[in-house]
Amino acid sequence: MAKPMTLNICHLYPDLMDTYGDRGNILTIQYRCKQRGIKVIYSPLTINDKLLANYDLYFFGGGQDQAQCIVEHDLAKKSAALRQAVDRGAVLLSICGGYQLLQKYFVTTEGKEIPGIGLFNAFTEASETRMMNNLLIEINPKLLSNIQKTYQSTMNHEPRTMNHLIGFENHSGKTYLEEGTMPMGKVLKGSGNNGQDKTEGAVYKNAFGCYLHGSLLPKNPHFADLLISKALEKNYGKIKLKPLDDSIEWQAHNSAISIIR
Amino acid sequence: MDFKLFLAILVGKLTSFLIKLKGGGATAAPGLYALYIDPNLVKKLAKKNGLNSIVISGTNGKTTTARLVSDILGTKYKIIHNRAGSNLLRGVASTLITNSSLSGALCCRLALWEADEAALLPISKQLQINTLVLLNLFRDQLDRYGEIDTTRKKWQEVVKNLKSDASLILNTDDPSVNYLSKFTKSKKIFFGLETTKIDLPKVENVADVKFCPNCQAKLKYEDLYSAHLGTYKCSRCSFKRENPQVSITSITFNKNYSTNIKISINKESLSVNYQLPGLFNAYNVMAALASTIALGINVKSAAKDICKFTPVFGRYQNIMLDGKNLLLFLIKNPAGANEVIRTIAAKEKINLLLILNDNTADGRDVSWIWDTNWEALAGKTSNIDIAGTRAWDMALRLKYANIKIVQKNVHKDLNTAIIQAIGKLAKDDTLYILPTYTALIGLQAYLKNKGIISWQSQ
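Listed in order, the protein sequences are those of chains R and Z.
Numbering-wise, the first sequence is residues 70 to 330 according to the working numbering.
Numbering-wise, the second sequence is residues 28 to 485 according to the working numbering.
So here's chain Z without its partners, still in its complex pose (with noise of 0.2 Å):
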């Protein structure tokens, strides 16, 4: 009997009750707690229970691509999730504890993690990884994650580590995600847009990788979809995009936010429209699909599940309020902002709500707006309130785009910025909510106040 990591499960499981008891939804701390008694829970848990992991990393979809990857598996099988999207190696814990007895029999085999592309590294270390997801390296927060090249260089780390008989499944359109499989044994599985047809709006680009990342020389692009995520090959070396086994041959945005893809799987052809809109959920969506080949599930049954997906909490997520719809759009750096704007901007007069925070969860500088192309939504607004702590930065960088600030409209309460902006709206109006992480949580608790949302609905 191993005495700490019993002392540490009851202390995660009493947290948890206490949390709960006191009507919260904190998913970290339990986790947190049983760490500092027993540093090496999740790795004593994991390998106790025979656990395979199947681990999603990257800066922008790691929660989307997670539920749609759940949704999939979650007709199959049991399954271990962190799906509130507690994504440090602390929330993992928490997870593990929940689904732990006391003596640390877990209740099933298969577990499914979403990571922090920062906790991506320790997070690896204890756990088997059966199939590793790599999605896209964006800069996002730098003054919590550094330079993008810092963040890769620890995933060099992770990649060399896995097993041989693992799966890892990479974006081949992003450079710097592309570059790992040189560093692994393990299989591998590439996905990539295969159609340059993109009907969205175009929006100034923010590449966050320019150059080679073996050789330093610059990147060549022939086509540019989003951000630095394209068709490219190094000017001076042999490094270039590889041809994907998953892909996405033809694409089409619909009005009502689905889309319709025509998606190439080891060559065979599936028609799929899902509730997702954006470029980046045509992403998540092959991202999930090209780990459903590493996990040897029947692609045409995985389809199936991502046509009924619905929309994780504030990722893309439509709440009707008396006649009104609601859209919620997290935003976090520029790359994703780009990429909400871009859907967007395909709409007239457009009522918005923005809500920018500095808290550490969202990064605590707030220059990226500056990187971000709002002018894409200038002579397209109609209202627009603004709330968050950096509501005035918020406002300035929109009249710098030439959109038209109303003073009054920016708030400095909450609430009151939710409130006057539904007030603004008549009947089947559409209101675009685009929170940071902790205006997020923010407009959840509002939502949750006022009867609209249940925490079962995130």
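So that you can see chain R by itself, here it is in the shape it has in the complex (with noise of 0.2 Å):
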């Protein structure tokens, strides 16, 4: 028998920024993989903490407004090495928060730009309107054709649709994306990046950035899947991942969007 695959997770500042449910995410890489067999080595990284470049899957969750700001300081600390994994073809999803801090600077409400890792080519303005939404995407026609390549279900009746991402945003920043970022969507419901531009999200090479909790990977486990593959891919070359029962999944994400339909 083949030795079992392994799965290197690192979780960027799980003390920190795990306010707003996003730890569903982890969970649901972590069930996923233990059904197929794969091996989750989980390393939670915060304040202070040596980031290496060798993990193939980083994680990094929404936080308040304090926590982010202590986190900021520390994460220059980091840059080096998350671009580097990044570069090298690790898989890396960011949401809210994360997502601010990995683009390139935070306009405050004061005007003051405050200088981001620059990971995504985008950048956010403080804004007085909150985005307090379940958030409905269409995802990107790039996107969506590598998912359809990896994602399978054993149950008896497919998805309806494997186009949308289904989450709930809860964020006052506006993002901007600049030239030649494609972002990880098309808003159909909500506000996404700044409730403008109908664009949500940013995707460089194997990284995420969104504005998607709720968790957004248990009830979209199409997506789940993608990060899963794309991550072990790095260590194992193209791999099909084995087709799990995904039917509640499908439920939960459909009756998520059937609610604001």
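Derived from the structure by calculation, the hints contain no laboratory data.
Keep in mind that a hint or two might mislead.
BS3-like, lysine-lysine: derived pairs with alpha carbons at most 27 Å apart [said to hold, decoys possible]:
id	chain 1	residue 1	chain 2	residue 2
1	R	Lys309	Z	Lys426
2	R	Lys146	R	Lys211
3	R	Lys119	Z	Lys426
4	Z	Lys426	R	Lys218
5	R	Lys173	R	Lys218
6	R	Lys311	Z	Lys439
7	Z	Lys431	R	Lys181
8	R	Lys103	Z	Lys229
9	Z	Lys181	R	Lys311
10	Z	Lys439	R	Lys108
11	Z	Lys237	R	Lys103
12	Z	Lys439	R	Lys258
13	Z	Lys103	R	Lys181
14	Z	Lys214	Z	Lys294
15	R	Lys311	Z	Lys431
16	Z	Lys237	R	Lys146
Label pairs and their calculated CB-CB ranges [what the hints assert, rightly or not]:
id	chain 1	residue 1	chain 2	residue 2	range
17	Z	Asn283	R	Asp134	29 to 35 Å
18	R	His142	Z	Ala453	54 to 60 Å
19	Z	Ser328	R	Asp134	43 to 49 Å
20	Z	Lys224	R	Ala195	58 to 64 Å
It should be emphasised that the depicted structure is a prediction, and the values quoted were computed from it without experimental measurement.
Glycine is no exception: its CB is placed at the ideal position from the N, C-alpha and C atoms.
Both chains are given apart, each in its own frame, so use the hints to dock them into the complex.
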């Protein structure tokens, strides 16, 4: 029998960026790997911990404003390793505050520019409006075609469509993508990056940033599996993930969409 | 004669009359309409009647603590109390209107208010606060309240405005609440746990406060009781937990969901047994007894009233139905839900009915269920039924906590869910019902309809 595959997850600042229920993303990756006999090694890293570039998947969630300020100072020290990892093909998922900190800069309400690490070619401006909505997006075509290649479910009835991601957004920062930056998708319901240009999230290589809480991955299993297979691909080449019974996942996905449609 | 006030009271009374005529139980509407006419109605009535107010606020435990204080005061005084739990300014206005004559004369001069944490500031500006009880501050419905620092800053303004002869009662185990003591000129009474022996299963914690509210350095915890409640001090400045005047020195949780405590009040020790489970209720009991000191009531007699206390609807309430027990535990945020899970996880073969709604009053974002430690129930459940607008989100959360879900037990309709869940019980079995706020209201309507409870028993 072949040696089981291993997935190394790095959870960035789980003690600080843990306010908005994003932990479900980690639980989902762990669960879906376990079901397939893939070994998961989970490493939580926080302030002052040294970050290495050798993880397969990085996760960075949202936190309270105060925590975000503290993280911001520390992140500069981890920036080089994170960038190196992503350039080598590691997967990164960042949500809300995590997403904002990985952009070029953040403009405060006083007009002060706080530099970020610039992984995503985008920036965020503070605003007075709180964007709190169920957020439904149509996945961008390139990303969707990758998802369609990787995702399979054992369930008898196929999901109505794999075209969407559904979650809940809660942010006041407005994010603008710079020329050439690919969004994760087009906003169908909700505000997305900034409430104006209908874009949501950003993609750079296998790094993703977005405003989708919910948690995002549990009820978007097609996207969860894309992250897992991309993260494994780095070490094991193209692989086919064993299909799982995702009927509850799709029920949750579809019913969340039907609430807002 | 203040014509505006008169008209506001009249409209309020009429609204209330019409609602009652239709058999409704809404408690906020009369106040809402009256405040449209006279936004200063509460302030005017309070001032005119020399009304002294006791105000209780916090994320978890407001309703139960207010009921405890009400039971203690009720045996001695006539009081006005927003009992039905309508705890925004409009709820305060409604309650005052009910207890007022058309000319604005109130029936008594003492009032007890449960106040929503975000509404505390506007409410406090309208009242003469004699005693203010602040229970705790947890992350709750981020889409409604924002982050907890936002609420704490509002509370800071409230305590700043307290008069020097008023009493401020604070939970010393909660860093954000304790920190407020710095901003007041009023008298202060702290309450907190003074025992580390807590005989409940451990659950993974969600600490919403990790940094010193004074200097932002990391807080160091010696003991952690629940969420971020514990014994702590700042790693940099002099901020630390204050010694409590009211403290539980030993606690035993009984199988029948009653609790025995030894409580020290100004160095005098008392043994109390009360009919409420869980660690949160221990905090509520401490808060209630601390406020009796502020009000100058004999503590021993107050403790007797607490022994006789019966739970509030939906908050650890036990309902008997054809020899079967229904136990209701309202859930609304990770800190509270984790304590509920901890309380019931001590049992085996648990029958569960979970109802997760995402209406405005529940919080439209259900992400919080992913920060709640359902894993503690894995391997301990028997039948699980799930309902609510977000039933499938709940089912999925349990699946990822390694709890087996049968898909046909995920229900669209609340009544079907209740009937099926009860139908699976054998005699003497207990069904644990965990609803979010609006689900609790739905459940209440169902039970009322079946004649199992009446509005009076809420």
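Here's how the hints hold up against the structure:
1. Straight-line distance between C-alpha atoms of Lys309(R) and Lys426(Z) comes to about 24 Å, which keeps the hinted pair within the 27 Å bound.
2. Between Lys146(R) and Lys211(R) the CA atoms are separated by roughly 33 Å; this puts the pair beyond 27 Å, and the hint is violated.
3. At most 27 Å may separate the alpha-carbon atoms for a hinted pair to count; Lys119(R) and Lys426(Z) exceed this at roughly 34 Å.
4. Distance restraint check for Lys426(Z) and Lys218(R): the Cα-Cα separation of roughly 26 Å lies within the 27 Å cut-off, and the hinted pair is therefore satisfied.
5. Proposed proximity of Lys173(R) and Lys218(R) is contradicted: the alpha carbons are some 32 Å apart, above 27 Å.
6. Straight-line distance between C-alpha atoms of Lys311(R) and Lys439(Z) comes to about 31 Å, which puts the hinted pair past the 27 Å bound.
7. Distance restraint check for Lys431(Z) and Lys181(R): the Cα-Cα separation of roughly 51 Å exceeds the 27 Å cut-off, and the hinted pair is therefore not satisfied.
8. Restraint check for Lys103(R) and Lys229(Z): the C-alpha separation of about 25 Å stays at or below 27 Å, so the hint holds.
9. Of the pairs offered as hints, the one joining Lys181(Z) and Lys311(R) is violated, with about 52 Å between alpha carbons and a cut-off of 27 Å exceeded.
10. A C-alpha spacing of about 37 Å is found between Lys439(Z) and Lys108(R), which places the hinted pair above 27 Å, so the restraint is violated.
11. Distance hint between Lys237(Z) and Lys103(R) is unfulfilled; the C-alpha atoms sit about 32 Å from each other, more than 27 Å.
12. Using a Cα cut-off of 27 Å, the hinted pair Lys439(Z) and Lys258(R) holds, with the two alpha carbons roughly 24 Å apart.
13. The suggested pairing of Lys103(Z) with Lys181(R) is violated, with an alpha-carbon distance near 59 Å, which exceeds 27 Å.
14. Distance check on the hinted pair: Lys214(Z) and Lys294(Z) sit about 18 Å apart at the alpha-carbon level, within 27 Å; holds.
15. Taking the CA atoms of Lys311(R) and Lys431(Z), the gap is about 21 Å. The hint holds against a cut of 27 Å.
16. With a C-alpha separation of about 22 Å, the suggested pair Lys237(Z) and Lys146(R) falls inside the 27 Å cut-off, and the hint holds.
17. Taken as a hint, the range 29 to 35 Å is violated for the pair Asn283(Z) and Asp134(R), whose Cβ atoms sit roughly 44 Å apart.
18. Taking the beta carbon of each, His142(R) and Ala453(Z) are about 59 Å apart, inside 54 to 60 Å as hinted.
19. Separated by about 46 Å at the C-beta atoms, Ser328(Z) and Asp134(R) satisfy the suggested range of 43 to 49 Å.
20. For the pair Lys224(Z) and Ala195(R), the beta carbons lie near 47 Å from each other, so the given range of 58 to 64 Å is not met.
The structure is inconsistent with the numbered hints 2, 3, 5, 6, 7, 9, 10, 11, 13, 17, 20, although it conforms to all the rest.
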